[in-house]
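Peer 1: Sequence:
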Amino acid sequence: MKNLSKELILETAAQLVQEKKKINLSLSEVGETLGVSHAALYKYFPNKKALWSELSLRWLNQQLTELFPFRPKSEQSVKEIAHDWLWLLASKKYAASKADPQMFALYTTYVGGDVQLYQEHSYALGESFMAATGKDEDFTEGILLAFMYFSAPAYAQRWDERFQEEFEMVWRVVERSFEG
Numbered sequence: 001m002k003n004l005s006k007e008l009i010l011e012t013a014a015q016l017v018q019e020k021k022k023i024n025l026s027l028s029e030v031g032e033t034l035g036v037s038h039a040a041l042y043k044y045f046p047n048k049k050a051l052w053s054e055l056s057l058r059w060l061n062q063q064l065t066e067l068f069p070f071r072p073k074s075e076q077s078v079k080e081i082a083h084d085w086l087w088l089l090a091s092k093k094y095a096a097s098k099a100d101p102q103m104f105a106l107y108t109t110y111v112g113g114d115v116q117l118y119q120e121h122s123y124a125l126g127e128s129f130m131a132a133t134g135k136d137e138d139f140t141e142g143i144l145l146a147f148m149y150f151s152a153p154a155y156a157q158r159w160d161e162r163f164q165e166e167f168e169m170v171w172r173v174v175e176r177s178f179e180g
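Here the sequence shown stands for residues 1 to 180, where the numbers follow the UniProt record's numbering.
It cannot be assumed that every hint is accurate.
Unchecked claim - Ranges between beta-carbon positions, derived for each pair:
{"hint": "1", "residue 1": "Q76", "residue 2": "H38", "range": "46 to 54 Å"}
{"hint": "2", "residue 1": "K21", "residue 2": "E80", "range": "38 to 46 Å"}
{"hint": "3", "residue 1": "S28", "residue 2": "E75", "range": "35 to 43 Å"}
{"hint": "4", "residue 1": "S26", "residue 2": "E161", "range": "31 to 39 Å"}
Just so you know, the hints here were simulated from the structure itself, not pulled from any lab data.
Please read all numbers here as calculations on a predicted model, not as lab measurements.
We put the beta carbon where it would ideally sit given N, CA and C, even for glycine.
Put together the whole structure using the sequences plus the hints.
Peer 2: Here it is as structure tokens:
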């Protein structure tokens, strides 16, 4: 057995999700894979929810690294920056839901289903959007709400081959708010 650490526990938990293709794994299963009792995991995580929540956030942040910070192309207008930022968010979540359904389900359960964690995630997104566009908090909150369908995990089961077409349809409605 390797030296037990938070990182090793998270890596092992992620591997188990992939191998078993399910998200309702117990701490006992994680501990058994690591060669320790589930009680040993409590030194690093106070409960099962804490482990899966941290793993979900870690995975999500890996999917969205290009947003933190977002680097617009030179000479882009605020409208173009906003479109590219929003599309990057939407397309990364869409791609993640298709490429890694188990981890997306974990994210949906442990971040999407937890008001505080989801608010923290939304706040970080808002900060990134404001930094990229220079827009204020109220404007940013409104835009993120307008595009929630394309990023909130609760809507993922509705995402289909029209995803980008629908995104652009909503964008055409709000793009005027970036003019002037």
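Peer 1: Taking 38 to 46 Å as the hint, is the beta-carbon distance of K21 and E80 inside that range?
Peer 2: 40 Å, holds
Peer 1: Per the hint of 35 to 43 Å, is the separation of the Cβ atoms of S28 and E75 within bounds?
Peer 2: The hint (35 to 43 Å, Cβ to Cβ) is violated, given that S28 and E75 are roughly 56 Å apart.
Peer 1: Starting from the range 31 to 39 Å, see whether the pair S26 and E161 falls in it by beta-carbon distance.
Peer 2: 37 Å, holds
Peer 1: A range of 46 to 54 Å was offered for this pair. Does it hold for the Cβ distance of Q76 and H38?
Peer 2: 50 Å, holds
Hint violations for this structure: number 3 only, all remaining hints satisfied.
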